[in-house]
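Asker: With chain P held as given, fit chain Y onto it using these hints.
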Amino acid sequence: MAIIETHQLTKVFPGDIRAVDGIDFEVNTGEIFAFLGPNGAGKTTTIKMLNTLILPTSGSAIVAGLDVVKSATEVRKRIGYVAQDVGVDEHATGKENLTLYGHFYRLDGKTIKERVKEIFDLVGLTGSENRMVSTYSGGMRKRLDLAMGLIHQPQVIFMDEPTTGLDPQTRASIWEYIRDLVKSKGMTIFLTTHYMEEADRLADRIAIIDLGKIIAMGTADELKKSIGGDVVTVSPCEDKDEACKEFIRRSEAVLTGKPFVTGMKPTDGELAVYVNDGASAIPTIMQLLSGQGIEVKTITMSRPSLDDVFLKYTGKTIRAQEGTRTTFAQIRRMRDRRQQ
Amino acid sequence: MNLLRDTWYITLRDLRSRIRMPVFIFMTLFQPILWLVLFTQIFKSLGAMPGIGGGVGGSYLDFFAPGVLVMTVLFGSAFSGFGMLWDIDTGVLSKMLATPVTRISVIAGRIIATVVVLLIQALIIIILALIMGVHIKTGVPGVLFTFFLLSLLGLGFAAFSNGLALLLKRQENVMAVTNLLTMPLMFLSSLMMPPFLLPHWLNTVRQINPIDYAVVGARDLMQQGYIWHDLWLCLVVLAAVAVAGVTFGTLMFRARAE
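If you read the protein sequences in the order shown, they are chains P and Y. Our numbering runs 59 ahead of the 1-based position in the first sequence. Our numbering runs 13 ahead of the 1-based position in the second sequence.
For the record, the hints were derived by calculation from the structure and aren't laboratory data. One or more of the hints may lead you astray.
Claimed, not checked - Covered stretches of chain Y (in silico footprint by chain P; criterion: 3 or more residues with CB under 8 Å from a CB of chain P, positions within the stretch not fixed):
(1) 24-34
(2) 108-121
Unchecked claim - Not the full set, but computed from the structure, chain P residues with beta-carbon under 10 Å of chain Y:
(3) 135
(4) 146
(5) 207
(6) 351
(7) 353
What the hints assert, rightly or not - Here are the simulated lysine to any residue pairs, SDA-like style, with alpha carbons at most 25 Å apart:
(8) P:136 / Y:16
(9) P:129 / Y:57
(10) Y:182 / P:149
(11) P:172 / P:186
(12) Y:182 / P:74
(13) P:172 / Y:17
(14) P:129 / Y:269
(15) P:176 / Y:39
(16) P:136 / P:238
(17) Y:57 / Y:269
(18) P:136 / Y:238
(19) P:136 / P:64
(20) P:299 / P:238
(21) P:169 / Y:14
(22) P:172 / Y:238
(23) Y:182 / Y:110
(24) P:136 / P:123
(25) P:129 / Y:117
Being a predicted model, the structure only gives us computed values, none of them experimental. Note that beta-carbon positions come from the ideal geometry of N, C-alpha and C, so glycine has one too.
One chain only, chain P, in its complex shape (with noise of 0.2 Å):
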C-alpha cells in the first residue's frame, strides 16, 4: 500500500527557477525509499514539500492518506523530520530537547517520560540525557535529532542526506539504526542522499533525480542491469585539455558499432564503454585503439554502479567513481589467471 503518493508535484522559485518538475512516485508502507541526485537536483526541495514547510506550485502530494496542502496539522502529527542540519538546541539537554518535542507532537507527560527513555536506548545515547548538547559529539547530536524525529513513533520518517559531513563508521551506526527502525517499528522511511553508497546498501527502492525530474526508478539491482554487465573505464589522455577530448572522440568513434559494447559515455578525460563481459573485452578494446595510433594512458574495469547508472541516464556522473574500482593490475592479473 502507497503511504507516500506525488502527482505531477512541482516547485517553480522566484526566476523561473523549476527545482521540482512534475514528479510521480509512489512509497510503500515499511520501505525505505531513496532519492539519490547530485546536489541542486531537488530533493530537499521535494522533502519539504512533502513535509508541509513549503507550498507546491502545482501538482499534489499524499502522505499517510492526507494531502500535504489541505491536511498539513494532520500530516505533521504523522511524520517525522530528520533534516540535513541538525536541528538541535545547544542550550538544553538531550533529555529537554527531547522532551520539548514530545509536548510539540501532544503526548502526555507520562508517555514523554517512557518514550524519552525508550529512544535514547533505541539510539544509544543511553547514560548521556542529562547532559548539555554543547558538549555532544557531532555523531550523538546526529542520533538526537533522529531521535526528536522519531519520539511520537510516526508513519513515516523524512531524511534530508542523513549522514552527509559524518565520519564513515558513524554512518555505518546510523545506517543500522534506520534498519531497525523499519524491521522493529514498521515506519517507512523517506530519504535522500548523493551517497550512491548509502542509497545501494541502505534502500529498497531508488528514485534518481537530477534537474528536478525522476530520471529512473527501481531497486538497486533493477538499476544495475539495466545497464548490464561490466564498465571498462578509458583514458587516453594524462591532462584534461582540448588533445584529450579529440582522443576520447576518436576513441568513441573507433568503438562505435563493435558488438561486444553495449553502451557508451563520455565524460570528462575519460570514456565510460558498457560491456558483457569486461575481462575479455580489456584486450579488444586496448588493440582497437592502439590500432589507431590512441595511446590509453589508464584502463579500469568495474561492476556498474548507481553512478554508471546516473551517468547513462543523464551523461554526467554524481562524483568520481568509488570502492568497486579495479586497477588495471588487478585486472591482468584475472586475465593471468584464466589462463592459467
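Answerer: The following block gives chain Y in isolation, referenced to the frame of chain P:
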C-alpha cells in the same frame, strides 16, 4: 489550548537557555550600569537645575535612572531577533515547523521570554539605583506601573526585531538596521536632558519618538508622581508600539512559515 501550551513550552525553553548563560544577562546589563554610575557622577552638578532636580526636588540620579531603565529595555528587546536568526541558521526553526506545534507560539514564546528577562534586568537596575540613593516618588505601585510601560515597549521592539530577523535573514543586515534605529531613538529623546533644555528641533523630533514617551512616563512615575495627562499619552503610544511590533513580527513569521 494548544496555543497556550506551546507558547508556554517555548517560553520556558528560551528562558532556560538564557538563564544558563547568566554571563550574557550581566553583559547586556554592563552598559546601562556603567551609564547609571558614570553619568550620574559626570552630571552631578546639574542636579539643582530646573527640570532636572530643581523645582521638583531630587538629584540627577533621580532624573536619569528612569531613562536608564528605558535604555535597558530598548537595547535588550531590539536584539531579541538574533536568537531567531540563530534558530534559522542552525535549522532549529525548520525542524520545529515540521511538527504540529502552533505556528504563532514559536515567535510568541521567544518574545515573552525576552520581556521576562528584560523585566528581571530592570529590577536589577532599580535595586542598584536604590542602593545609589534614588528616591521613587510613587513607591512600589509606581514601580509596577513603570514595569507595565516597559513591558509594552519591550513587547513591541522584541516583536519588531524578530520580524526584522525573519525579513532580512542575514546577521550583518539585522545588526546594521538595529544599530541604525536604536542609537537615534535613544539620543533624540529627553533621556539625558529635560525637554525645555533641548534645542528646538530636537524637542520637536522627540515628540514623534516612541522612546521619549516611555522616558517621560517612567520619569513622571519615579521622580514626579502621577501626571495623568503624560501617562495616558504614554500608555496609548506604547500600546500602539506593541500592537505595531507584534503585527509586523506576526506577518513576517507567517510569510516564513507559509
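Asker: Against each hint, give a clear statement of whether it holds in the structure.
Answerer: We went through each hint and held it up to the structure:
| no. | hint | verdict |
| --- | --- | --- |
| 1 | 24-34 | holds (count 5) |
| 2 | 108-121 | holds (count 7) |
| 3 | 135 | holds, 4 Å |
| 4 | 146 | holds, 3 Å |
| 5 | 207 | holds, 7 Å |
| 6 | 351 | violated, 55 Å |
| 7 | 353 | violated, 51 Å |
| 8 | P:136 / Y:16 | holds, 16 Å |
| 9 | P:129 / Y:57 | violated, 66 Å |
| 10 | Y:182 / P:149 | holds, 20 Å |
| 11 | P:172 / P:186 | holds, 15 Å |
| 12 | Y:182 / P:74 | holds, 19 Å |
| 13 | P:172 / Y:17 | holds, 22 Å |
| 14 | P:129 / Y:269 | holds, 18 Å |
| 15 | P:176 / Y:39 | violated, 36 Å |
| 16 | P:136 / P:238 | holds, 22 Å |
| 17 | Y:57 / Y:269 | violated, 50 Å |
| 18 | P:136 / Y:238 | violated, 54 Å |
| 19 | P:136 / P:64 | holds, 18 Å |
| 20 | P:299 / P:238 | violated, 42 Å |
| 21 | P:169 / Y:14 | holds, 19 Å |
| 22 | P:172 / Y:238 | violated, 53 Å |
| 23 | Y:182 / Y:110 | holds, 17 Å |
| 24 | P:136 / P:123 | holds, 10 Å |
| 25 | P:129 / Y:117 | holds, 19 Å |
Hints 6, 7, 9, 15, 17, 18, 20, 22 from the earlier list are contradicted by this structure; the remaining hints agree with it.
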